[in-house]
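J.: The lines below spell out each chain.
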Amino acid sequence: MHPEVAAYVLGVLDDADLQAFERHLDSCERCQSELKELQDVPDLLDDLKLQPSASEDDDPPISMSR
Amino acid sequence: MCPVLGHLDDMEHRIQALYEQFGGPLLRHVRKTTGNDLQWAEDVVQETMVRAWRHSDRLQWEPGLVWAWLLTVARRIVIDGRRRRSARPREVEPPEADTVPVPDGCDRALSAIVVADALRSLSQEHREVIEQTYLRDRTISEAAEILGIPPGTVKSRLYYGIRALRGLLRDKGVAG
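Keeping their order, the protein sequence lines are chains A and B.
According to the working numbering, the residues represented by the first sequence are 1 to 66, in order.
According to the working numbering, the residues represented by the second sequence are 67 to 242, in order.
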C-alpha cells in the first residue's frame with residue numbers, strides 16, 4: 001500500500017514528490033488500480049468545494065449559511 | 067525535410083491525435099472545475115495534452131487507466147492555476163463539514179449535501195486532512211505545517227480518509 005496515491009489523485013503532492021510518485025506509478029500496478037478507483041472522490045468533493053454559479057475570478061468556496 | 071521540422075510536425079500530429087481521442091470529454095470534465103471559464107479550461111486541456119505527449123509511454127496503458135491519469139494531470143493543472151490566481155493574501159471561509167450548502171435544486175447542490183454529510187461521518191483526523199489539503203488547495207507540506215504533524219502522517223491519514231469517504235459515498239450511491 002502506497003498512501004501517496006491519494007494525495008496524487010487529489011493533486012496535493014508537493015512538486016518534488018509529484019515527479020517521484022509518477023515514476024513509481026509507472027511500475028506499481030497497485031497504485032495504478034487505486035488511481036482509477038479513487039478518481040470519483042475529488043470530483044465529488046468539487047461539488048462541495050466549488051460554487052456552482054461562481055462568477056468571480058477568485059472562485060470562492062460555496063456559501064454555506066443555513 | 068529538416069529533421070527538426072520533421073520532428074515538430076510529428077509532435078503536432080501526435081498531439082492532434084490525442085485531442086481527437088480525449089479532447090472533448092476532457093474539456094467537458096475540466097470545465098466543471100474552472101467555473102465554466104472556457105478559455106481557462108481549454109488552456110488546461112492543452113497543457114494536459116502536451117504532458118501526455120511528453121509521457122507517451124503512459125498512453126500504452128489500458129484506456130481506463132490512461133483516462134484516470136489524464137484527469138489527475140488536468141486536476142493538478144487546475145489546482146496550480148487556482149493557487150496562482152489566489153496568490154494574493156485573502157481569507158475566505160472554506161467549506162466546513164458541519165455546514166450544509168443551500169440547496170438550489172441542481173444536482174451539484176444535492177451532491178454537495180451528501181458529500182458534506184459523509185465528511186461529517188469521518189473521524190476528525192481524517193476529515194481535517196481532507197479539509198486542509200484538497201478543500202483549500204494546499205499541498206501536503208503546507209497542511210502538515212498548519213496541522214503540526216509530519217507530512218508522512220498527512221499522506222497516510224489522507225489515504226485512509228479518502229478510502230473511508232469513498233466507501234461512505236458508495237453506500238449512498240454517489241460514487242462508482
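Read the hints as simulated data drawn from the structure, not as lab findings.
Do not rely on the hints blindly, as some may be mistaken.
[Unchecked claim] List time: in silico BS3-like cross-link candidates among lysine-lysine, alpha-carbon distance up to 25 angstroms: (1) Lys238(B) to Lys49(A); (2) Lys49(A) to Lys98(B); (3) Lys98(B) to Lys36(A); (4) Lys238(B) to Lys36(A).
J.: Could you grab the alpha-carbon distance between Lys49(A) and Lys98(B) and see if it respects the 25 angstroms cut-off?
T.: holds, 12 angstroms
J.: Run the distance test for Lys238(B) versus Lys36(A): straight-line Cα separation, threshold 25 angstroms.
T.: holds, 20 angstroms
J.: For Lys238(B) and Lys49(A), compute the direct alpha-carbon distance and say whether it is at most 25 angstroms.
T.: holds, 19 angstroms
J.: Is the hinted pair Lys98(B) and Lys36(A) satisfied, with a Cα-Cα distance of at most 25 angstroms?
T.: Holds, at about 19 angstroms.
Checked against the numbered hints given earlier, this structure breaks none of them.
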